[in-house]
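Number of protein chains: 2
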Amino acid sequence: MKTDKDLDAAGTPTNFKVRGFDLEAGEYTVILNRQDALTLGLRSLDRVRVSRGEVNLIAIVELTDSVVEGGEIGILKGGRTILGVSDKDEIRLVPVTRPRSIEIIKKRLDNIVLTTEEINILTEEITNHRLSDVELSAFVTSTYMHPLTSREVKDLTIAMVENGEIIDLEVEPIFDFHSVGGVPGNKVTLLVVPIVAAAGLYIPKTCSRAISSAGGTADILETVANVTIPGWKIKEITESVGGTIAWGGGVNIAPADDIIIRVEYPLSIDPYSQVIASVLAKKKAVGADHLLMDIPTGPHTKVKTLELARSYARDFMDIGEQIGIHVQCAITFGGQPVGRNIGPALECREAIQILEGNPPSSSAVEKATSLAGILLEMSGYSGDGKEKADELLRDGSALKKFREIIEAQGTEFTDISSEDVPMGKYTAEVLSTRRGYVSSINNKTMVRIARAAGCPHDKLGGIVLEKKNGHQVDKGDVLFRIFSSNEKKLKLAVATAQKLSPFQIEGMVIEMVPGEKVIHTIQ
Amino acid sequence: MKTDKDLDAAGTPTNFKVRGFDLEAGEYTVILNRQDALTLGLRSLDRVRVSRGEVNLIAIVELTDSVVEGGEIGILKGGRTILGVSDKDEIRLVPVTRPRSIEIIKKRLDNIVLTTEEINILTEEITNHRLSDVELSAFVTSTYMHPLTSREVKDLTIAMVENGEIIDLEVEPIFDFHSVGGVPGNKVTLLVVPIVAAAGLYIPKTCSRAISSAGGTADILETVANVTIPGWKIKEITESVGGTIAWGGGVNIAPADDIIIRVEYPLSIDPYSQVIASVLAKKKAVGADHLLMDIPTGPHTKVKTLELARSYARDFMDIGEQIGIHVQCAITFGGQPVGRNIGPALECREAIQILEGNPPSSSAVEKATSLAGILLEMSGYSGDGKEKADELLRDGSALKKFREIIEAQGTEFTDISSEDVPMGKYTAEVLSTRRGYVSSINNKTMVRIARAAGCPHDKLGGIVLEKKNGHQVDKGDVLFRIFSSNEKKLKLAVATAQKLSPFQIEGMVIEMVPGEKVIHTIQ
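For the record, the sequence lines run as chains U and P. Note that the working numbering has the first sequence beginning at 8, numbered continuously upward. Note that the working numbering has the second sequence beginning at 8, numbered continuously upward.
Since the hints were made in silico from the structure, they are not lab data. Where hints are given, some of them may not hold.
When chains are identical, the list treats them as one kind, so a pair holds in a single copy or across two.
[What the hints assert, rightly or not] Listed below are the simulated DSS-like cross-link pairs for lysine-lysine, each with C-alpha atoms no more than 25 Å apart in a straight line:
hint : residue 1 : residue 2
1    : Lys475    : Lys498
2    : Lys451    : Lys114
3    : Lys309    : Lys113
4    : Lys113    : Lys451
5    : Lys95     : Lys84
6    : Lys240    : Lys407
7    : Lys393    : Lys407
8    : Lys311    : Lys114
9    : Lys114    : Lys309
10   : Lys495    : Lys24
11   : Lys113    : Lys311
12   : Lys495    : Lys451
13   : Lys506    : Lys474
14   : Lys309    : Lys506
15   : Lys24     : Lys84
16   : Lys506    : Lys482
Pulled out of the complex, with its shape left as it was, chain U reads as follows (with noise of 0.2 Å):
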């Protein structure tokens, strides 16, 4: 690699033997008996370039005193594969300087401001997995407590998506959607983009799965239809049906910003200049000019205030439009759960119930015909875009549409109807203590309720709300019901919703009718 000098005290390559260790973590790890690094000059976590042949890899020493012996080198499974070597074979080692992003990374550990160059050079190398966890540890935390500027921003976006796969469709304009997140029950991707693809706009959508909620889209959509699709196939089914509902871990599209997100997660962090610059990118590379963000803003969202909304949104625009995207954010209510369904399959079974016709609530088909609303004006449609929204969905366009997407991704049986969509067999019944009106729901408990009960794994599990803010209540009145595919979990969830008391009925918080009672099996 061209960013590596081989260090001038090392001398020569030093051969070592090759111990194999299969485990595949890490692979970008080699283990050396402690004497041998002390005679190299080696420390745990210095780098190194191991070679056999042509072929060479950039590890990461870590130290053992006894599993690894003197000439030997420890590789795990994935660096045997990639140098194709085995037990006992001869490679050479040699100490390498650091990568060059230790010290871009140190420059705004001390709130200097990176150069375009600087930020291409750490991009690449985060991709090529050069940096350890504790640098890229150090990188991410500074950001957190020093935000990028607006330029590095977008220097890192673009950055980010020159450094992966890039989806280049032959049509245009290209439009995409997406939600910021935070709030439950949040299922309008399987309307908005069955409803703008019917009206003949082009949207190659990827998504995610839940990393803290109850199931993100591709959990979601996963119940009923294939959504692990390569980017040729996303491509092809955008340019042919119009668009795709596609989980964004089956492509290579900007990676940087997955390998920077496994970092974060631990620190449950979010830095604001990261989420920026992690959804830009991601749009970016499958060519979207026109992109509808969904800020939902409530106390218990992720995006707590008005005023960080806006900023949000400012910014979104602010960069998008630097790097080439139109683009437009509604600020969306995040104050209680979307509709009435958590969890992949209830979530699944809304949208589809919504598409055919016979909705649960409103609240889910107001907001995905508002904001199917404002991509159809995005794209020049002259007329009140909601309405034309609404229509795509009474006439049956949007459910035709949603059927040949998820056929063009693969699905086998696609005459799907909601009351096809699974359902957890073990459910228990929420009941309110007393009489008044719904004051509240906490976002983050019902979460925390639905993911005891199984969710995102078990795709069946999660909750149908009963009652929502507003609605008046009478005492054993059910409130929510809980589903889950195993018994106990749901016995755990019950307990979850006990302690927590998720609902608040005129400002007094209410107790729970003991689990145990309401637990029956639907038949």
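Position chain P relative to chain U; hints supplied.
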């Protein structure tokens, strides 16, 4: 461990079959199949408690698609030892909540001052290897970007002491000495300790190996003596002989500090507040109640400005006082190497020459006796401390004490003389190409040349300076000699010297005589 709660959502523990991996690094890591992790709701870097009978271990999860199958758990060597399990044994696994430190570190990221209790939890979890590299790096980065307050440093110091071995001497008062480092050739510890011990002071000095220097005090003394001594023996030797010069890595004092330093190393950062806590914790753990700090200051050292040196001095004294250590600070001249010799054996030789009364230069003697003098005055000596130190050096008391110390540390050949210290077999001379006065010598470049010659691993490598600042030189005069045990490394060191030109003569950078010509072997 009382700090962890089993996750509600996890249900009952799951049984897994052990699959051993002979990897020592990462004893706090377990490897699960990605499908099992999905079922358990676990992601990479999440925590689990694995247990067999009453024994349990909190570990960090890594995922694999292939090398660990469903129902299996990969456990590295250290983990298997702790749990007492072998291949195919069944163990229980249950996901646990994240360590409390993560929320504490997030507070730091949000610039919130930590409470004493929070710092105790953080230090305890660092000591117990509960934090991953990602989390440790976030903490270290935060202390770099937003230094700890004086109260937080005090709390961290005490917490690090209490979470480690404490050496409890039965004599008093206890003196100690520490140099912040950064200036090459600083072998004064080998002089200060025997001088003050000869005067009857107790000084249980622990020291370190080189990280980025040409040789730490442990590396230097190790060329003629044993330096790896357990805590009980440091106590015994100090009580009987008066002093030790022991490698800090041989005792388990303030282990959290070593864990933090491991993470600072790849980032090449030395956060201000961490430096203070690190030094004071190691001193408090050996029971020091009087500490003299040497703060070398100059453009090519760690502490670059007088302003920064004074700030360190104030904080060392202030925080020292708070934890019961009376600290005095000497801001010393760090503008060029101390004495003539750089490199483990060469520095040891120079120190012994000084003890023998034949100093090759005055600067090391001056510095050592000044510092020893301050310690003597701190102990209540009513005369001129420096004069007393000079006397103890002149009359052979210091040399006698030095021999007593190394004998007590378990060294065989204790009547060592400077003549006996080995030197590198290969040597080269670097000549001046012009006439003038030496106006500066770059410390960092000198260290790079010494390291190119093989230091600190090659204990016999290094540099002997023939000229120092202010000296007059003629064209062709020898500026310095390079030593190495390896001819190739010597050539590399000469090439480094030619490239980097460490000497400035009358403000001009000199050119080096090509090294090849002057390389010859000492008989």
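Going down the list of hints, with the structure as the test:
1. Lys475 / Lys498: Close inside one copy (23 Å), not across copies (79 Å); limit 25 Å.
2. Lys451 / Lys114: Only across copies: Lys451 and Lys114 sit 20 Å apart there, 37 Å inside one copy, limit 25 Å.
3. Lys309 / Lys113: Classified as between: cross-chain Cα gap 16 Å, same-chain 29 Å, threshold 25 Å.
4. Lys113 / Lys451: between (36 Å within a copy, 19 Å between copies)
5. Lys95 / Lys84: Result: close both inside a copy and across copies, 14 Å intra and 21 Å inter.
6. Lys240 / Lys407: within (20 Å within a copy, 83 Å between copies)
7. Lys393 / Lys407: Answer is within; shortest intra-copy Cα gap is 19 Å, inter-copy 95 Å.
8. Lys311 / Lys114: between (31 Å within a copy, 18 Å between copies)
9. Lys114 / Lys309: Answer is between; shortest inter-copy Cα gap is 17 Å, intra-copy 29 Å.
10. Lys495 / Lys24: between (51 Å within a copy, 23 Å between copies)
11. Lys113 / Lys311: between (31 Å within a copy, 18 Å between copies)
12. Lys495 / Lys451: within (22 Å within a copy, 64 Å between copies)
13. Lys506 / Lys474: The answer is within: 19 Å in one copy meets 25 Å, while 77 Å across copies does not.
14. Lys309 / Lys506: within (23 Å within a copy, 54 Å between copies)
15. Lys24 / Lys84: The answer is both: 15 Å in one copy and 21 Å across copies each meet 25 Å.
16. Lys506 / Lys482: Only inside one copy: Lys506 and Lys482 sit 19 Å apart there, 85 Å across copies, limit 25 Å.
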